[in-house]
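Please construct the entire structure, taking both the sequences and the accompanying hints into account.
Here's the letter readout for the chains.
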Amino acid sequence: MLQPELIQLLTASDLVDLRIDAIPKLQVGFRPGCFFSSSGSQDGEAKLTFIPQQILLNKDHELFEDGDIHRHLYLQNLSTCPAYDSPTARQCEFRCYISGCSQVFSTVEDYEHHYNTLHRHVCSSCQRSLPSARLLDIHIQEWHDSLFSILAERQDMYQCLVEGCGSKFRTRDQRKDHMIKIHKYPSDFMFDKVKRIKNIKIAKKNMLQKGTSMEVSMSIMILPQSSLSPSSPPQTNRDHSTTERDIPTGFLGRCVSARVLSKGSEVMAGGFRESLKVMSLRQDATLASVWSGVCFKNNTINHVCLTQGDVSNVIALVIP
Amino acid sequence: MWRLNAVRHKAGRQGSDLEEFKFKRREHEKELRRARKDSQLVSKRLLLNDDEEEDGTMDTLASDQVVELFNMVRHGRDLVKKEADLRALRKALRSPSAHLILIKQPNSIAILVTNLCGPNPQCRLEAARCLHELSHSPHSEVDSLRLRQATPYLITFLSGQSPKFTELCLYTLGNMCPDSENVRDMLLAQGIIPALNNCIQIHRTNLAVVEAVGFTLSQLISANYVTGTIIPAVLASGLIPRLLSVLTPDSQFGLGPVIECAWCLHYLACSNVDNGALVAQGTLLHCTSLLVTLGVAVAKGSIEEGIELLIWPLLRCVGNLLLSGPLGALQPQLNDSRLLAALCAFPQAFLQTHPALARESIWVLNNLTAAADSSVFCSALFYLNLVPALIQLLPFSHGINIMVLRVLGNIAHQGREYCLHLAQAGLLPALCATLKMADTEVVTFSLEVLGQLMASDPQLAEEFVRQSGLPMLEAIQYSNQETIRLRATHLLEHHLPPHCTVDTSASQ
Numbered sequence: 000m001l002q003p004e005l006i007q008l009l010t011a012s013d014l015v016d017l018r019i020d021a022i023p024k025l026q027v028g029f030r031p032g033c034f035f036s037s038s039g040s041q042d043g044e045a046k047l048t049f050i051p052q053q054i055l056l057n058k059d060h061e062l063f064e065d066g067d068i069h070r071h072l073y074l075q076n077l078s079t080c081p082a083y084d085s086p087t088a089r090q091c092e093f094r095c096y097i098s099g100c101s102q103v104f105s106t107v108e109d110y111e112h113h114y115n116t117l118h119r120h121v122c123s124s125c126q127r128s129l130p131s132a133r134l135l136d137i138h139i140q141e142w143h144d145s146l147f148s149i150l151a152e153r154q155d156m157y158q159c160l161v162e163g164c165g166s167k168f169r170t171r172d173q174r175k176d177h178m179i180k181i182h183k184y185p186s187d188f189m190f191d192k193v194k195r196i197k198n199i200k201i202a203k204k205n206m207l208q209k210g211t212s213m214e215v216s217m218s219i220m221i222l223p224q225s226s227l228s229p230s231s232p233p234q235t236n237r238d239h240s241t242t243e244r245d246i247p248t249g250f251l252g253r254c255v256s257a258r259v260l261s262k263g264s265e266v267m268a269g270g271f272r273e274s275l276k277v278m279s280l281r282q283d284a285t286l287a288s289v290w291s292g293v294c295f296k297n298n299t300i301n302h303v304c305l306t307q308g309d310v311s312n313v314i315a316l317v318i319p
Numbered sequence: 000m001w002r003l004n005a006v007r008h009k010a011g012r013q014g015s016d017l018e019e020f021k022f023k024r025r026e027h028e029k030e031l032r033r034a035r036k037d038s039q040l041v042s043k044r045l046l047l048n049d050d051e052e053e054d055g056t057m058d059t060l061a062s063d064q065v066v067e068l069f070n071m072v073r074h075g076r077d078l079v080k081k082e083a084d085l086r087a088l089r090k091a092l093r094s095p096s097a098h099l100i101l102i103k104q105p106n107s108i109a110i111l112v113t114n115l116c117g118p119n120p121q122c123r124l125e126a127a128r129c130l131h132e133l134s135h136s137p138h139s140e141v142d143s144l145r146l147r148q149a150t151p152y153l154i155t156f157l158s159g160q161s162p163k164f165t166e167l168c169l170y171t172l173g174n175m176c177p178d179s180e181n182v183r184d185m186l187l188a189q190g191i192i193p194a195l196n197n198c199i200q201i202h203r204t205n206l207a208v209v210e211a212v213g214f215t216l217s218q219l220i221s222a223n224y225v226t227g228t229i230i231p232a233v234l235a236s237g238l239i240p241r242l243l244s245v246l247t248p249d250s251q252f253g254l255g256p257v258i259e260c261a262w263c264l265h266y267l268a269c270s271n272v273d274n275g276a277l278v279a280q281g282t283l284l285h286c287t288s289l290l291v292t293l294g295v296a297v298a299k300g301s302i303e304e305g306i307e308l309l310i311w312p313l314l315r316c317v318g319n320l321l322l323s324g325p326l327g328a329l330q331p332q333l334n335d336s337r338l339l340a341a342l343c344a345f346p347q348a349f350l351q352t353h354p355a356l357a358r359e360s361i362w363v364l365n366n367l368t369a370a371a372d373s374s375v376f377c378s379a380l381f382y383l384n385l386v387p388a389l390i391q392l393l394p395f396s397h398g399i400n401i402m403v404l405r406v407l408g409n410i411a412h413q414g415r416e417y418c419l420h421l422a423q424a425g426l427l428p429a430l431c432a433t434l435k436m437a438d439t440e441v442v443t444f445s446l447e448v449l450g451q452l453m454a455s456d457p458q459l460a461e462e463f464v465r466q467s468g469l470p471m472l473e474a475i476q477y478s479n480q481e482t483i484r485l486r487a488t489h490l491l492e493h494h495l496p497p498h499c500t501v502d503t504s505a506s507q
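Protein chains in written order, with numbering that gives the first Met the number 0: chain Y, 0 to 319; chain L, 0 to 507.
Don't read these hints as lab results, they were simulated from the structure. Warning: the hint list may mix true and false statements.
What the hints assert, rightly or not - Quick list of in silico lysine to any residue cross-link-like pairs, SDA-like style, CA-CA up to 25 Å:
| no. | chain 1 | residue 1 | chain 2 | residue 2 |
| --- | --- | --- | --- | --- |
| 1 | L | Lys23 | Y | Phe63 |
| 2 | Y | Lys58 | L | Lys29 |
| 3 | L | Lys43 | Y | Glu64 |
| 4 | L | Lys43 | Y | Asn76 |
Stated by the list, open to error - Non-contacting residues of chain L with respect to chain Y, defined by C-beta distances greater than 12 Å in every case (computed):
| no. | residue |
| --- | --- |
| 5 | Val66 |
| 6 | Arg145 |
| 7 | Gln160 |
| 8 | Lys163 |
| 9 | Pro193 |
| 10 | Glu461 |
Unchecked claim - To be clear about the criterion: a stretch of chain Y counts as covered by chain L if any three or more of its residues have a C-beta under 8 Å from a C-beta of chain L, and this derived list gives those stretches:
| no. | stretch |
| --- | --- |
| 11 | 51-60 |
| 12 | 110-119 |
Computed from a prediction, not measured in an experiment: that's the story for all the values here. The C-beta atom is built at its ideal place from N, Cα and C for all residues, glycine as well.
Take a look at the structure:
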């Protein structure tokens, strides 16, 4: 419980000089020009307001409550050994501060994973979350830059999404073809941004939360190679056109099942989460191989917490 | 220590008794918290007598039996018989219902008082015990006002020689103190404070009596609406040095007397009437000395049962006395550097059992590090390598991390050297974690400390960026809590090195 250094310090022999005035004093003060001088901040409207302050607590202060209660239990003969029923120190929870998110996590790692997955590389115009800085740049350029469409009329502006390729194309379709032909992306790869995805029948049936603030709810079901999930939709043809009712099939034979709920949803499928993590790190890998890393657990539908932008993005990459 | 011995005995019962006991305790605790919120937190103590079992059966007599006993006492002439009758009456009074019956009898208290002062010592003792039972009565009709005839005598007997009798008188008076301001004024006027002073002097070797004096005094000064006269009277009475001399725990007798005296000192210090006088009489020195002793005991692993009951009031007393004057003037009384080690050791030892105690320990550190001339203490914290121990407390809520952040902020405010040392001790990664916590106040304090660190030296800002701290600040910019949003923006705009951009694609 007690650290060894502390123990040593307290049980030091009498030969050690323990006087405070024998301890060398560190130099006080800041460099000239430092924002915080010892006389206080020079900024007229300082945003940082902390000043060291001694605190006097009177008898009835709330900070003294637990100690007082303990004392009176003792006086009234009701104290027991502390193992019973005492309040124990709680570890702080962590919260995502992105406005509107406000999820709470019990460990830093969970929080960091959440943040890295969902809130990095967010487009400030449409709130879509992109898996990498580069894709964010491309997204902003293609969708929010008015100059882009003007320039695109005259020159090849649509970049290949595979990092390191560098090729540019005059139209989105040309880029898509390039990625399928040269980079071996699957033909049911979705290249177009899908902003709004209307309810699919399955999604309606499976919609969990009522009164969700999200405009759309969408359920992607990709059929498993080996088995069908109980509520799987019928297989459709591979079709490059994007329709709302298309259900993507057999992406490399692997499957993932995801449902997008509104911001309240919490549980992330382990495999799906893994894949998003990988996606954000290995932008150069073909998405096929990335998605192949996804594991599907027991045919159950793994609820995934994503923003709307994320989902659109995922679909853009997966669904034709 | 008779109080804790009683407790241990109770805790030793098995099975459903224990569950019931725990349940009762939980309920009781809730009641006490409610009472405290209403400023009605009051306790009385009942002294158990040798010839009774602790939870002995009460012979609940019928009311006419009680009346009969009392009449025998009233009219009896034979002292031996009277003694027996008084004893029987006393036993009957163990049952609260008998209290009401007794006080309805005409002149009941006067009769008891007569016996209290009578020639027979045993009768005196039994009469005192009767009054003691009444002082502990749960019935509001049996209040101090009703018992007030007895007080001048009880007070006089405090200067008597019989320890057992004196102890009874003390606890009876102590039980009467919290009842009303009128009672306290009356006791004051009747000279209770010089009497207590005398008593503790006469009986200084009898620790049971010393404990009783401590208890009574604590009841007198802790009651609400303490008038302006009580505490100055105590401070002027010469009681302080006597209380201080008790502050060396006797290993055989136990902590009882020290606990009571420590709580007295706490109540005196937090009233802030004349803390300079307290300090001048050596209070700070004795209390810090005892805290060091307790810290050493805790370090050695010998955490005695009830030790927190002693640590608590000492921390509070020291914490408040630190504001009594410039820290430089107090330093001679604070010269043992082990005090700082003890203040860091208590949170580690009591974090899981008594987190509030951990918080108060850090509060004392705040008061040591927040004064204008705190640099010597801040330097000492580094010299003794205590800062990592503080940083390790940052994950804990219950107000602990906020208090720790205050202390760290105090240290950072000392100067650039201090900030560099804080960074060396590992503060920056710890702040990266606290910036993510759910409690907005924690985040606010973290931003303040971080701001101070980064402003003091650009290499700290760079280090923060290396620790991947920037995404946190960016994230906080999106928060709907204005306090942290403004601070985060401020830090990003003013305190980060110019080459550092908001886009952190380079950092992972």
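Taking the hints in turn, this is what the structure says about them:
For the hint pairing Lys23(L) with Phe63(Y), the CA-to-CA distance comes to about 23 Å; that is within 25 Å, so the pair holds. Note on Lys58(Y) and Lys29(L): the hinted pairing holds, with a Cα-Cα distance of about 19 Å set against a maximum of 25 Å. A C-alpha spacing of about 19 Å is found between Lys43(L) and Glu64(Y), which places the hinted pair at or below 25 Å, so the restraint holds. Restraint check for Lys43(L) and Asn76(Y): satisfied, since their Cα atoms lie roughly 10 Å apart, inside the 25 Å limit.
For Val66(L), the shortest C-beta to C-beta distance to chain Y comes to about 31 Å, beyond the 12 Å cut-off, and the non-interface label holds. Here Arg145(L) stays apart from chain Y, with its beta-carbon at least about 22 Å from theirs, past the 12 Å limit. Every CB of chain Y lies more than 12 Å from the CB of Gln160(L), the least distance being 27 Å, so the non-interface label holds. Interface exclusion of Lys163(L) from chain Y stands, the closest Cβ pair being 20 Å apart, more than 12 Å.
Here Pro193(L) stays apart from chain Y, with its beta-carbon at least about 24 Å from theirs, past the 12 Å limit. Consistency note on Glu461(L): stated as away from chain Y, and its beta-carbon is indeed over 12 Å from all of that chain's, at 16 Å minimum. For a cut-off of 8 Å, the count of residues in the stretch 51-60 of chain Y with a CB near a CB of chain L stands at 9, and the three-residue condition holds. Under the rule that three or more residues need a Cβ within less than 8 Å of chain L, the assignment of the stretch 110-119 of chain Y holds, with 5 such residues.
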